[in-house]
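Asks: For reference, the chains in residue letters:
Protein chains: 2
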Amino acid sequence: MRIIETKRAPNPRRVAIFLAEKGIDVPREERDLMSGDLRQDDFSALNPWQRVPVLVLDDGTAISESVAICRYFEEIHPEPPLFGTGAIGKAEVEMWNRRVELGLFNAVASVFRHLHPKMAHLEVPQVTPWGEANKEKVESELTRLDRRLAESDFVAGASFSIADITALVAIDFMKPAKLAAPEGHAHIMRWYQEVSARPSASA
Amino acid sequence: MRIIETKRAPNPRRVAIFLAEKGIDVPREERDLMSGDLRQDDFSALNPWQRVPVLVLDDGTAISESVAICRYFEEIHPEPPLFGTGAIGKAEVEMWNRRVELGLFNAVASVFRHLHPKMAHLEVPQVTPWGEANKEKVESELTRLDRRLAESDFVAGASFSIADITALVAIDFMKPAKLAAPEGHAHIMRWYQEVSARPSASA
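Just so you know, the protein sequences line up as chains A and D, in that order. Heads up: the first sequence at position 75 corresponds to 75 in my numbering, and the numbers run straight through without jumps. Heads up: the second sequence at position 169 corresponds to 169 in my numbering, and the numbers run straight through without jumps.
Note that these hints are calculated values from the structure, not bench results. Don't take every hint at face value.
Repeated chains share a single entry, so a pair holds when one copy, or any two copies, can fit it.
Taking lysine-lysine pairs in the BS3-like style, the calculated list, with each CA pair at most 30 Å apart, reads [said to hold, decoys possible]: (1) Lys22 - Lys7; (2) Lys175 - Lys118; (3) Lys175 - Lys22; (4) Lys118 - Lys7; (5) Lys178 - Lys135; (6) Lys118 - Lys137.
Generate the whole structure from the sequences, applying the supplied hints.
Replies: Written out as structure tokens, the structure reads:
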């Protein structure tokens with residue numbers, strides 16, 4: 001098996017951290033999303049949505065979408081559990097991962113995609129007022145996340161989970177999106193220092 | 001347990017169809033998202049993101065995000081499986097559900113939220129050029145979905161799954177979003193007629 005990725009892009013990083021937490025090593029193959037390389041026919045055949053990462057299994061099956069790739073590894077390598085345990089625990093991790101992804105992560109990504117000059121040839125059309133509206137959304141999502149982390153060690157509860165990975169990658173993605181670090185949010189900063197210090201954060 | 005929902009809103013409908021496919025009956029409580037009722041303190045305490053549906057368990061645990069609610073019921077009532085079976089099958093359902101949700105479903109919702117006059121008091125700010133850009137995205141997502149359904153009985157493969165529910169709800173949501181039905185896409189229409197004829201579609 002192998003993973004096709006663009007190093008340093010946020011979604012491939014989610015999978016890289018997930019695998020590092022599990023202690024799984026998978027060969028990586030680099031393709032540069034910024035150059036339009038994902039629009040080549042051979043890559044589109046693997047993922048018609050033309051995005052990285054893609055996990056290619058030995059039988060040729062191609063799995064894209066980072067959460068789907070992580071789900072595959074959770075199934076074949078359950079320890080440590082990163083999608084929660086028990087019916088309620090699994091639902092809570094899914095809920096928190098979605099809240100962070102559909103909220104903060106997507107808002108930061110929208111600022112990057114719709115305002116950064118480097119994205120003009122990939123995000124067509126760039127919609128400047130949409131990028132601006134998402135700057136406000138980033139703030140409201142950070143406020144909600146800070147309230148959560150005031151009462152919980154990790155995003156989804158007492159244990160580190162995929163929701164922490166999504167939140168960590170979202171916050172680190174604020175820098176290329178030219179958004180100021182969330183230093184005014186004390187609970188986020190407490191949590192951020194902890195999760196950033198895990199060896200997986202540099203995977 | 002009970003589910004708090006707004007009848008006819010797309011995300012509560014995803015859960016309603018899912019439960020009908022499982023044969024599970026859960027009491028429903030109506031709150032009208034259009035009136036701003038979800039911004040009341042009692043509801044915000046259940047879901048700080050102020051969205052329906054929310055599943056409230058007997059111990060008071062509140063699960064929001066429709067896919068997380070569905071995941072809970074998949075765990076406690078596995079048959080028939082709607083999130084796939086086996087590591088590859090589960091990853092493929094997750095991949096397809098995400099492709100449809102982050103693609104078609106979100107694009108249709110963005111058209112509705114950013115262009116419909118009825119949404120002006122809820123979607124602040126409405127970004128008209130973003131709504132317009134999503135009309136084009138709906139078309140490209142339909143084209144990809146049509147290609148998939150040319151080669152597959154259901155969205156995620158040979159079996160009906162949560163990905164079909166997400167796609168069905170997205171397509172039915174095109175009407176309130178004032179988008180024309182996808183009649184030019186023959187494979188989507190073949191599939192649409194089949195899934196619409198299931199008893200769960202009217203749940």
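Asks: Would you mind marking each hint as holding or not holding in the structure?
Replies: Verification of the supplied hints:
no.	hint	verdict
1	Lys22 - Lys7	within (19 Å within a copy, 41 Å between copies)
2	Lys175 - Lys118	within (14 Å within a copy, 36 Å between copies)
3	Lys175 - Lys22	within (27 Å within a copy, 45 Å between copies)
4	Lys118 - Lys7	within (17 Å within a copy, 43 Å between copies)
5	Lys178 - Lys135	both (10 Å within a copy, 28 Å between copies)
6	Lys118 - Lys137	both (22 Å within a copy, 21 Å between copies)
Checked against the numbered hints above, the structure breaks none of them.
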